[in-house]
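Protein sequence lines correspond, in order, to chains S and P. Going by the numbering used here, the first residue of the first sequence is number 38, and it counts up by one from there. Going by the numbering used here, the first residue of the second sequence is number 74, and it counts up by one from there.
Don't read these hints as lab results, they were simulated from the structure. On a predicted model such as this, the values are computed, not experimentally measured, just so you know. Hints may contain errors.
Partner residues aside, some chain S positions facing chain P, computed with beta carbon under 7 Å [unchecked claim]:
1) Ala79
2) Thr82
3) Arg133
Capping the alpha-carbon separation at 30 Å, the derived lysine-lysine pairs in DSS-like fashion look like this [unchecked claim]:
4) Lys209/S with Lys155/P
5) Lys112/P with Lys89/S
6) Lys115/S with Lys155/P
7) Lys209/S with Lys133/P
8) Lys209/S with Lys112/P
9) Lys155/P with Lys211/S
10) Lys109/S with Lys112/P
11) Lys128/P with Lys195/S
12) Lys195/S with Lys133/P
13) Lys155/P with Lys188/S
14) Lys89/S with Lys188/S
Note that CB positions come from ideal geometry on N, CA and C, so glycine has one too.
Okay, here's what each chain looks like letter by letter:
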Amino acid sequence: MVEQSDTGLSRRGLMAVGAASAAVASAPGATAAPAQDAPSLATVTLEVNGHKQTLHLDTRTTLLDALREHLKLTGTKKGCDHGQCGACTVIVEGRRINACLTLAVMHEGDAITTIEGLGTPERLHPLQAAFVRHDGYQCGYCTPGQICSAKAMLDEIKAGVPSHVTADLSDKPKLTEAELRERMSGNICRCGAYSNIVEAIAEVAGGLAQGDRT
Amino acid sequence: MRAFTYERARTPAEAAAAAAGEPGVRFIAGGTNLLDLMKLEIETPRRLIDLGDLKLDEIKATRDGGLRIGALARNTDLAADKRVRKDYPVLSRALLAGASGQLRNKATTAGNLLQRTRCPYFYDTNMPCNKRSPGAGCSAIGGFTRSHAVLGSSEACIATHPSDMAVAMRLLDAVVETVRPDGATRTIPIAEFHRLPGETPHIETALAPGELITAVTLPKPIGGRQAYHKVRDRASYAFALVSVATIIHEDGSGRVALGGVAHKPWRVEEAEAAMPRGAKATTEALLSGARTTAQNAFKLTLAERALGAAMAQPRG
Chain S
38 MVEQSDTGLS
48 RRGLMAVGAA
58 SAAVASAPGA
68 TAAPAQDAPS
78 LATVTLEVNG
88 HKQTLHLDTR
98 TTLLDALREH
108 LKLTGTKKGC
118 DHGQCGACTV
128 IVEGRRINAC
138 LTLAVMHEGD
148 AITTIEGLGT
158 PERLHPLQAA
168 FVRHDGYQCG
178 YCTPGQICSA
188 KAMLDEIKAG
198 VPSHVTADLS
208 DKPKLTEAEL
218 RERMSGNICR
228 CGAYSNIVEA
238 IAEVAGGLAQ
248 GDRT
Chain P
74 MRAFTYERAR
84 TPAEAAAAAA
94 GEPGVRFIAG
104 GTNLLDLMKL
114 EIETPRRLID
124 LGDLKLDEIK
134 ATRDGGLRIG
144 ALARNTDLAA
154 DKRVRKDYPV
164 LSRALLAGAS
174 GQLRNKATTA
184 GNLLQRTRCP
194 YFYDTNMPCN
204 KRSPGAGCSA
214 IGGFTRSHAV
224 LGSSEACIAT
234 HPSDMAVAMR
244 LLDAVVETVR
254 PDGATRTIPI
264 AEFHRLPGET
274 PHIETALAPG
284 ELITAVTLPK
294 PIGGRQAYHK
304 VRDRASYAFA
314 LVSVATIIHE
324 DGSGRVALGG
334 VAHKPWRVEE
344 AEAAMPRGAK
354 ATTEALLSGA
364 RTTAQNAFKL
374 TLAERALGAA
384 MAQPRG
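One chain only, chain S, in its complex shape (with noise of 0.2 Å):
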């Protein structure tokens, strides 16, 4: 059931409708819009989940919109589009960032991760399967970026990236409870299912090294 707003349209529709009026307004409150004001396109090529595509689009598309209502990859999900929540993490020529604070036109040529690309409903990824095994949600919302997240915080571990609670910068840093936990601040989960998520990430991980939490 598709939920329905009072003009009929669903909430979904809004959404793409906003998505499409902010391609072709121009600055709010203008009277007669200058030239200067028209909307720049700008044509981009990205290799997401090892497709090539190629998108005409408005310079102010995001990484995030373009994926999400150009591509209609719409596991990637838009929360607080500021950066400040993680619901948009990809993974981008192998780090993860948020897709909403970047531009779709500064990433030609890019290859671009979503949760599309890393595993299906048949074919689960060992963090997608974890993260049902030990709950590691409730709304589901935050999920997709939980785990693209995740996936590339174990990378960033295994390539000896230190974080703010590694106690020796001289050290290989460890998986440690505090070590995941601290790496996965960027990804908020209001229905707090924090823990869950620790032990799905920490399963994957092979199991967690024994550490204070600081």
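Put chain P on the given structure of chain S with help from the hints.
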């Protein structure tokens, strides 16, 4: 977001020249702060110049034993660099105390220095702000000031600079390298890079219009036990209420810089003479001239205690 044209710069000098030629041009690198502000129409560039192809992301040893950090080096890469971790650990610590893993993967060295204040009134376009509209007035003065400056503020602005990295850079006497629109290069000591608000809080740095940061250079390492002690409202992913960057040598001498207290990283070299006498004596000199409100006076006590903690438990 207002419409803008987008292009990719081929050389730093070309980018600087293009940006100086007309108003409404902005450079974009990581974009994590600029795009946020563009969505709110606090920043409204008509032309964006992407610096991503400039290959300014290298971190290289300098001839005099220091380190030259490319303007586009990512915060994650700088914090993880083996030389930084070994010789400038306070810089690694400051970077790792800031933002989230996702943001540090995008945020650049120069962009971190140039990020705007997180003053809630600056972010609220319904409220007057001298940074957004020079002469409009400051809504923070007389408003909710818990997060605001206690040092170096003015009648026009009481905002703080939000960067952790810049506090460590100030402690380490970093030097900012730039290229100007005419192609000439210059260096700016970090102490002179960020400005106090005075009557022109919208002018935040010593950069001229179009001037582009190409690198930040660290002098050769000075050793000592280095620490970055950040106090915030939650354990991770929050801006500092107060942060304290320290270098402490075996004889008790050292350096100290504060974040979260002023419009720029706060360091008073003369106050450092008091470091062997402890946190209380040092902060008395460091915080001299502080102007507080009932809501932010706690920052003075917090600075002293954070310095005390850093002196007692430095982490390398």
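Checked hints:
Interface hint status for Ala79/S: upheld, as the beta-carbon distance to the closest one in chain P is roughly 6 Å, under 7 Å. Against a cut-off of 7 Å between C-beta atoms, the interface hint on Thr82/S is violated, since the closest Cβ of chain P lies about 14 Å away. The interface hint given for Arg133/S is met, as the beta carbon of that residue sits about 5 Å from the closest beta carbon of chain P, less than 7 Å. For a cut-off of 30 Å, the pair hint linking Lys209/S to Lys155/P stands: about 11 Å separates their Cα positions.
A C-alpha spacing of about 28 Å is found between Lys112/P and Lys89/S, which places the hinted pair at or below 30 Å, so the restraint holds. Between Lys115/S and Lys155/P, the direct Cα distance comes to roughly 36 Å. Violation of the 30 Å bound is thereby established for this hinted pair. With a C-alpha separation of about 22 Å, the suggested pairing of Lys209/S with Lys133/P holds against the 30 Å cut-off. Proximity of Lys209/S to Lys112/P is assessed by CA-CA distance (about 39 Å); at most 30 Å being required, the pair is judged violated.
Distance hint between Lys155/P and Lys211/S is fulfilled; the C-alpha atoms sit about 17 Å from each other, no more than 30 Å. For the proposed pair Lys109/S and Lys112/P, the alpha carbon gap of about 22 Å is at most 30 Å, so the pair holds. A C-alpha spacing of about 26 Å is found between Lys128/P and Lys195/S, which places the hinted pair at or below 30 Å, so the restraint holds. Of the supplied pair hints, the one linking Lys195/S and Lys133/P holds, its CA atoms being roughly 24 Å apart against a limit of 30 Å.
A C-alpha spacing of about 24 Å is found between Lys155/P and Lys188/S, which places the hinted pair at or below 30 Å, so the restraint holds. A distance of roughly 22 Å separates the Cα atoms of Lys89/S and Lys188/S; the hinted pair therefore holds under the 30 Å criterion.
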